[in-house]
Structures are given as structure tokens and as C-alpha cells.
Amino acid sequence: MDTRSETIYGTYYDGQVADPRDVIFTVVEVEPAGIDPRDELRFYSQMVIFLEIKDRKLDHEIAHWDIASIYAKPSRKGELRLAANGQLPGARLVVSDARMAKTVRDHLPHLARHKSKRRARQSGLIIMATLAMASVVGAYLYGIPLLAGRIVGLIPAQTEIDFGETIVGQLADAFSEEGGLALCDADPESMANVAIRRFTTEALAGVDTPFSVDIQVVNNEIPNAFALPGGHAYYFAGLLGQTDNPDQFAGVMAHEIGHVVHRHGMQQLISTAGTGLLVGFVLGDITGLSVAGGVGASLINTSFSREAEREADTFSYQVAQRLNFDASGLADLLDKIGEDDADSLAMALLSTHPLNQERRAALAAFEQNSQAQVPAFSDEEWEAIRSMCGASETSAPSTTPSGKVKTKG
Amino acid sequence: MPTPTTSQTTISFLGTRWRLFGILLSGYLLMLMTLGMYRFWLVTNKRRFYWSHTQIHGEAMEYTGTAVQLLVGFLLALAIFLPLYGFFFYLSTQSPAATVYGYMGAGIFMFFLTGYAAYRGRRFLLSRTLWRGIRFSQEGNAWAYAIRRFLWICLAIVTVGLAYPFMVASLWKYRYNHTWFGDRKCEFTGSWRTIAGPYYFIYFMFVGFIVAGLYFSGAMTSGKAVNVEDFGDNLIVVGMFAGAGFVSFIAYFYLRARITSRMLSSVTIGKAKLVVRVRARALFWQQFSYTILVSIVAVMFLLLLGYIMGDILQPLMEKNETSLNEVLKLGWYNLVIFGLIYLSFMASLTMLAELVFGLGFWRLVARGTIIENETDLRTIRARGEESALVGEGLADALNVGAY
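Line by line, the protein sequences give chains B and E.
Under my numbering, think of the first position of the first sequence as 1, with each following residue one higher.
Under my numbering, think of the first position of the second sequence as 1, with each following residue one higher.
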């Protein structure tokens, strides 16, 4: 006993020749012979259902699609496009009449099931892709700073030193508007420079590092001090004017030396590169062109992480302890660096930068030597250092020049 | 249907802007929620929309590509871009001069790569396009195309645009002579002459105005000292330059319409032939309505911003200071709202462009196209299996390929 659906009009493509055939087709259900219809499970599972597709003019069967192999292709609303496994990939049966398309759907309930299954699979994929992306973001937020520390260990010291040299070139350009990086005292044998060199050597004594640090006092009115990868460090005249005593000066210098020893500059660069890559990844602009520009310059525009600052502070305190001077002024002075710039507030909000209180607390926790402390520089030396950049008596500029370059030591 | 000596078949486009708007809106929202990952699905949905609503001889096209293919293509493109990114990073650590030259070199390389990506993207699209159960495909070498394109563009620049028609003809020829529908190859029958008329007409008109403007201004200043009575001459100069400006304004619509129409009308497959007519006027109206719509959207967003953020932004306005410091004092909550408004504004602009230009141009070309001798296409046979190309990752990354 065969059951036939009403006749449906469609267009048939065999996937072999680009010749559309106007067809009529019916859904045919062939009842299995010799099975009791009351045994529903067996009866219906043995039932054969297929599409009988006939040429409309010639009225002979041109295709025979088994129902289980049929699936729907995406199409516009009101049109049904059927394809079947086992047929050529381009074979299609298209029903353009919305009412007839509904009739077919009613006879082929598994199409709707396939559709929801496919939807679920796609949603799963989208969720997976999103989770993958989220984990990339997470890996960046927590992983890259961690990784940067490891990767830095793989970079030879000489590479970092060479690299520092090229940054010096870039920096001179960046600061050219504010007076460049002209030395306050070009004579390396002057009392001030000798004293600074002596301090640097003492600070590094017994420290296991491949770098030698060269601190230069430069004639620039921005209150600033920073260290570059490889050992160049700068102390700006603007900050020197606000430095009250030799121990503060020594403390800040030791802090910068700490950055060099811990290779924070290099870590920062690697993190920046990672950021660029990530932003590009999310936006789909994987060329990262928009982000990669001037990484060297970006080094001086960004602050070191809270962790890096803490390490540099610790280094500074250790030096103070070893050389027996008073490092308590460090927190005050470091706070003056970039005091007035917006970045510092942003950093405070993002809480990646140690706030003054935290720094003071850390300092208080640090055990001071019981012996009487001796200033890091003699009075004569300190006087020489203070007058390096000409008139030392000039009061510190009350307002910070709106420098393009904002740096946190 | 009465069949004259050449039968004429039309193409219709049934898609509506509302439907596309729905696809785009839900797509953008999902992109926001999926950190951008949904874009491969959005692109796929968009293509399905365009393809399935385009009917040639009443028979719809079908886009058979999937989002996963695009996703895989993107990951493969990463493999090319990671080293490139490393190179950029390395460059930026070098001396300023090296950085500049390096970036220039890399920029030229990227420009070259764009041609490669565009050709690969076209190949992907064609191989995923089905009509009458038969697939399109594209042969040819993407590198060869990229080199050809690059050299032609260099030549066009060197000749101040005079070589442009030759370039266009050469590239179209390469593309279409390597395009197949089933087992039949397309043929590009045009040459530089196809567009030479409109192009050089506009070109020399523009040059003429500029030269005349320069001539009159030169005649004015080289003679005696400029005085107020010479204003008449001055007006001529202004008029000449205004004329040049007007020509270049017209040229955008006029040339785009003519070049699209004439080049597409030079494409044949066997005895079948495309006849395309896109009107400059229609392109102008698209631009016009886009400008109006963008203005409306911009005003609406400004009002919205004023309404929601007025009180909050007030102190900023008063101080007339927009330092990061001040902005951050607004607090996170307001910043998020601000960011969302900004994002939705940008999304609105992209959406408008897609709705007006994307859909508009597709529909113009579809409705302006007639296929002559369509019956000849009925003997075309399928050729080979769908190639195992994965998505056009490079094209996606380089942002080429409009649809």
C-alpha cells in the first residue's frame, strides 16, 4: 500500500548539466509488506519514504531521493532548496511557491530537526571561538607580563645593550622640542660626574648583572628620571631642582639602576608588542599596523607595572641599607615625577602603579640599619651635582611644562 | 516566450533593506558579545542574503560557503601575519630613519599583497557560488595577478593616470579569462578602448580646466600689480578651478557607472553575453541619500548624547578642558555608557554604508543586467569537485572584497 502526498511543483537541477527541469514530485510512503501495522515501531521503521521526481512535460521519473538523505540548503524566505546526500553536490530540488514549500516541510519533519541541530552546532562553535578569544585576552592580561619576564631571560645582554643605543637615538628626537637630552655637564671627569659614577659602581657592587649603568644628568626642565634597557639612565634638571638632599638623589638613582638590573624596559617592550597583537586579533586587523608603530617611543610613554616599580623600590632600599644612607625621601621624590600628568591618575584608577601610601608603607616595613646613617654624597659632591645644570638656586618650576613625554621612573 | 534572434534574460533582486538591516543589527550585537568572533558568521549570513535573493531567469543563486571556512582561513592568515608583525616590531626598535624606510617598504609589500588577497578572495567567492546546480570557479595564479596589478598601478602613477584604461582592461581580462562557469570559460572581449572615450574625455576636461586656471592666474600676476579692477580676471581663474572641481565630482559617478557598465558588458560565456547598464544618476542618488542619512544619524546621536550625558559632561564643557585626567573623573559607569554610544555610532555608520552602497550597488548591477542567449548556458556541464579552498583569510585581514 503506497501513500502519496499531493503533487508539488518544483525545479530540479541534476548537478551535472546547467539545465533546469520543471518537475512534479510527490512524497511516497511505501508500507512494509508482511508486517502487522499494529506493531507500530517495526511497521514505521521499515516504511520506505522517498521523493518521486517526474519531468512535468514527459511525465516520467527522473530522480528518486530517499527521504533520509534529504536536507535543506539556506535560501530566501518562502523558497525551499533541497539537496540530498549521495547525489551530485550541485543537485537541487527547488520549490519556489511558499504554500507548496510548507506542504513539503510538513511531510519532511526531519528538515526542521536538522535545522535546529545545525543551529545548535553553530552556536557551539561560536561559543567555542568566543571562549578561545576570551582565553587569549585572559592569557594576555595575566600571561604576557609573566611571559615577558621569561622571554627577557632569553635575550642576550648584548642585544639589549645595542637595543638601548637605538632607543637613545629615538629619544633624542622625541625630546627635541623640550631641549633634547643635552648633558648638563659634558666633562666626564668633573667632580659631579665622578661622584655619580662612584655611586653607580658602589650600588652595583656584588649585584649579578651583565649591565653597567651610565646615569646622565640632562638639561631638561621636565621633572623626570628614567632608565632604558641596557643601562642608560637619565636624571632631568627639572627633577634635580626639586631634589632636596643627596640621599633622595641617591635613592632615585638606585631605583633607576634597579629597573636596569631587573630588565624592566625590555619586559615592557615585549608586553607592548603583545598588546598590539592582541588588539589586532580581536579587531580582525591582524596586520597590527595601527598598534605596532613606534614601539621604542611607546616605551617612554608607558609606566612600568606595579610589580616592576616594587622591584625597583626594593632594589633601592637594599642599596640604601648596604651603603647606609637614608632612603626615606625616595617616595616623596618619585611622586613628583609626572605629578601633574593624567597618566598617573589613570594608572591609579587601573591600580597598576604603586601609590604613594603603598610606597611609604613598604619603606617603613623595610628594616633600617641601626648604625648612624651617612649621606650618600659629601657636601662638596652634592654642591657640585646641584650646580651641574647652571644656577642650582632657581626655584623649581611651579608648573610642569606640558611635555609630550611623560615618564614614570 | 517569443524568442527573437537573441533571447534576453533579466536578473532580479528580491532582497529588502529591512531584511539586511535585521541581519546586520543582530550580527553587530553578537559580535559585541563574542569579542568579534561572530564576524565570520555575519559575513556568511550577508552573502547568503545577497546570493539567495538574486535570481537569474527567476532561478536563485546559492552561496555554499560556511563560516567555519572563513574562521580557518583567518587562522591561516595569522601564520602569514605573525612574522610580518614581528618584523614591524623589530623595525620600530631601530633608528628613526630605518623605521620610516622599513614602514614604507612594508607598506608597499602590503599593498602588493592586497592584490594577491583580492584574487584569492574572488576565487573563494566564485567557487562557493552555485547557479542551476553548477559551480563557478577561477583559475590563474594569484601571485601573477598581484605582480601584474602592482606593475600596472606603478605605471598608472608614473603616467599621471594616462595608463589607467590599459590597466583596467588588462586586469579585467586576467580575471575574467580565468573565470569558469562549470566547464565553460568566460571571455573578456573588451580592451582599453572600451572605456577610453569616457575616461579621456573626463581626464582632459579636468586637465584643461586646471591648465586654463593656471594660465589665467599666471597672466594676471606676471603683468602688472594686482588691483581691485582685475577682479574680473580673478573670477575667470576661480571659475576654471571650480570647473575642475566640478568635473572631478561628476567624474566619480560618471566614470564608475560607465566603467562598470562597459566592462561587464564585455563579458561573454560561450554564446551568452552580459549587457549591463548602470546609470551615473543612480550612483549620485545613493551618495546623496547616504549623506542625508548620515547627517540625520549624527544629529540624533548628538541629541542622545546631550540628553543622557548632559549633566555629566557639563563640568567638562565649562572647563573647556578634555584632558584624560578630567575624563577619568567621570567614573567607570559613565565611561562605559560613553563607549557604548560611541561604538553604536560607528556601527550605525558602517550599517548605513552597507545598506545604501552595498545593497544599492548590488541591486543596481543586478537590475541593470540582461543576459543575451541564456539558452546557450543550458549545455554547460559541472566540472570537478568543489576545491578544498579554505576561507579568504588574507582578504579578510587586509579588508578587501566588498561583499
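Heads up, a few of these hints could be off.
[Unchecked claim] Calculated cross-link-like contacts (lysine-lysine; reagent style DSSO-like; alpha-carbon spacing at most 27 Å): (1) K102(B) <-> K77(B); (2) K271(E) <-> K102(B); (3) K115(B) <-> K46(E); (4) K102(B) <-> K57(B); (5) K185(E) <-> K273(E); (6) K271(E) <-> K73(B); (7) K46(E) <-> K117(B); (8) K115(B) <-> K73(B); (9) K102(B) <-> K73(B); (10) K102(B) <-> K115(B); (11) K271(E) <-> K185(E); (12) K77(B) <-> K271(E).
[Unchecked claim] With beta-carbon atoms standing in for the labels, derived distance ranges: (13) S26(E) <-> A112(B): 31 to 41 Å; (14) F87(E) <-> R121(B): 50 to 60 Å; (15) Q16(B) <-> L14(E): 45 to 55 Å; (16) D2(B) <-> L343(E): 43 to 53 Å; (17) S378(B) <-> G105(E): 40 to 50 Å; (18) F109(E) <-> L146(B): 49 to 59 Å; (19) L75(E) <-> R118(B): 54 to 64 Å; (20) Y9(B) <-> Y200(E): 46 to 56 Å; (21) V137(B) <-> G105(E): 30 to 40 Å; (22) G384(E) <-> E40(B): 39 to 49 Å; (23) Q16(B) <-> F246(E): 33 to 43 Å; (24) A157(B) <-> G384(E): 56 to 66 Å; (25) I210(E) <-> R118(B): 52 to 62 Å; (26) R256(E) <-> A157(B): 31 to 41 Å.
Treat the hints as calculated values from the structure; they're not laboratory data.
All figures in this text were calculated on a predicted structure; none of them were measured in a lab.
All residues carry an ideal CB built from backbone N, CA and C; glycine is no exception.
Verification of the hints:
1. K102(B) <-> K77(B): holds (11 Å)
2. K271(E) <-> K102(B): Distance of about 39 Å is beyond 27 Å: violated.
3. K115(B) <-> K46(E): At roughly 19 Å apart (the allowed maximum being 27 Å), K46(E) and K115(B) satisfy the hint.
4. K102(B) <-> K57(B): Given that 27 Å is the threshold and the Cα spacing comes to 24 Å, the pair holds.
5. K185(E) <-> K273(E): Holds, at about 12 Å.
6. K271(E) <-> K73(B): violated (31 Å)
7. K46(E) <-> K117(B): holds (21 Å)
8. K115(B) <-> K73(B): With a Cα-Cα distance of about 9 Å, the restraint between K115(B) and K73(B) holds, given a limit of 27 Å.
9. K102(B) <-> K73(B): holds (15 Å)
10. K102(B) <-> K115(B): holds (15 Å)
11. K271(E) <-> K185(E): holds (11 Å)
12. K77(B) <-> K271(E): The given pair, whose Cα atoms are some 34 Å apart, is violated under the 27 Å limit.
13. S26(E) <-> A112(B): 31 to 41 Å: Given a distance of about 21 Å, which is not inside 31 to 41 Å, the answer is violated.
14. F87(E) <-> R121(B): 50 to 60 Å: violated (39 Å)
15. Q16(B) <-> L14(E): 45 to 55 Å: violated (28 Å)
16. D2(B) <-> L343(E): 43 to 53 Å: Hint violated: Cβ distance 60 Å, outside 43 to 53 Å.
17. S378(B) <-> G105(E): 40 to 50 Å: 55 Å Cβ-Cβ, so the 40 to 50 Å window is violated.
18. F109(E) <-> L146(B): 49 to 59 Å: violated (34 Å)
19. L75(E) <-> R118(B): 54 to 64 Å: violated (22 Å)
20. Y9(B) <-> Y200(E): 46 to 56 Å: holds (53 Å)
21. V137(B) <-> G105(E): 30 to 40 Å: holds (32 Å)
22. G384(E) <-> E40(B): 39 to 49 Å: holds (46 Å)
23. Q16(B) <-> F246(E): 33 to 43 Å: Roughly 55 Å apart at Cβ, these two residues miss the hinted range, so it is violated.
24. A157(B) <-> G384(E): 56 to 66 Å: holds (58 Å)
25. I210(E) <-> R118(B): 52 to 62 Å: holds (59 Å)
26. R256(E) <-> A157(B): 31 to 41 Å: violated (59 Å)
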